[in-house]
Amino acid sequence: MSIFNAINTSGSGLTAQRLRMDTISSNIANADTTRATVNENGEYEPYRRKMTVFSSKGQSFSSVLNQATAGSSNTGSGVKVSDIEEDDEPFQLVYNPNHPDANDDGYVEVPNVDPLQEMVDMMSATRSYEANVTALNASKTMLMKALEIGK
Amino acid sequence: MSLFGGTIQSLENSLQYASVKNQTIANNIANVDTPNYKAKSVQFNNVLNEELSKGFKTTRTDARHLDFSTESSAVRVTTNTGSTYNHNGNNVDVDKEMTDLAKNQIYYQALVDRINGKFSSLQSVIRGGN
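Chains as they are written, first to last, in our numbering: chain Z, 1 to 151; chain P, 1001 to 1130.
Hints are all accurate, no fakes.
Just a few of them, taken from the derived set where beta-carbon distance is under 10 Å, the chain P residues facing chain Z:
{"#": "1", "residue": "L1015"}
{"#": "2", "residue": "A1018"}
{"#": "3", "residue": "S1019"}
{"#": "4", "residue": "T1024"}
{"#": "5", "residue": "A1026"}
{"#": "6", "residue": "N1027"}
{"#": "7", "residue": "A1030"}
{"#": "8", "residue": "N1031"}
{"#": "9", "residue": "V1042"}
{"#": "10", "residue": "V1077"}
{"#": "11", "residue": "Y1108"}
{"#": "12", "residue": "V1112"}
Hints are computed from structural coordinates only; laboratory data are not their basis. Note that the Cβ used here is the ideal one computed from N, Cα and C, for glycine as well.
Working from the sequences, and respecting the hints, build out all of it.
Set out below in structure tokens:
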């Protein structure tokens, strides 16, 4: 067990929240992108909303078994982004006959990004990031205090 | 009688507890958005261990029986299952974690302060009050 365990844990939280923020930024930036990918028919497809999937580190069977046999207490070792998934929700159809990607009826498929949802997610990511910074500062203060033992 | 008495030992155990608690809180905060994550907490069972060692004698009648003294450390990390605060199965209460973090920090600083106090009084004895 490293003395910097708590700092590493908070660091993993910062990394995860930053990646979540990057994904949200990408979603907002591409809220109107109608040509993100080309499907198997050779047609343009709009941008699909992306989501980060978090899982906690140090919860695998082997790591728990190692902790149990070594007799040390399993405090966990932070969080990781296990996957970036795409939202399966259908694209919305917007009537805009002048758009170059409009179909024969004049409808355009636009990305399944809901700006409201992204803003709420963004606030959540910001707050979680701040909480991790606070925890990191607390660990830092404690370690600095430990260096004062016997001075 | 030993030079240090039991004070340093007790303070060391408490520091160990505060350190593990800090790691646990950091982990809970890092996993505040992880689906199905259950918050961990730390139990300090030093007092319990002392009480058990006083009048609770256990004997193993078979080698295959589980050992009663598997708990080598004074602290134990437990997971709080059975509650849910979030719709994604997570039960980290950020308010509680932040309060615990502040408490634990002051507790740790107080312990370090006390250890230093103990050392300086020892030093004063060694120097004969000079």
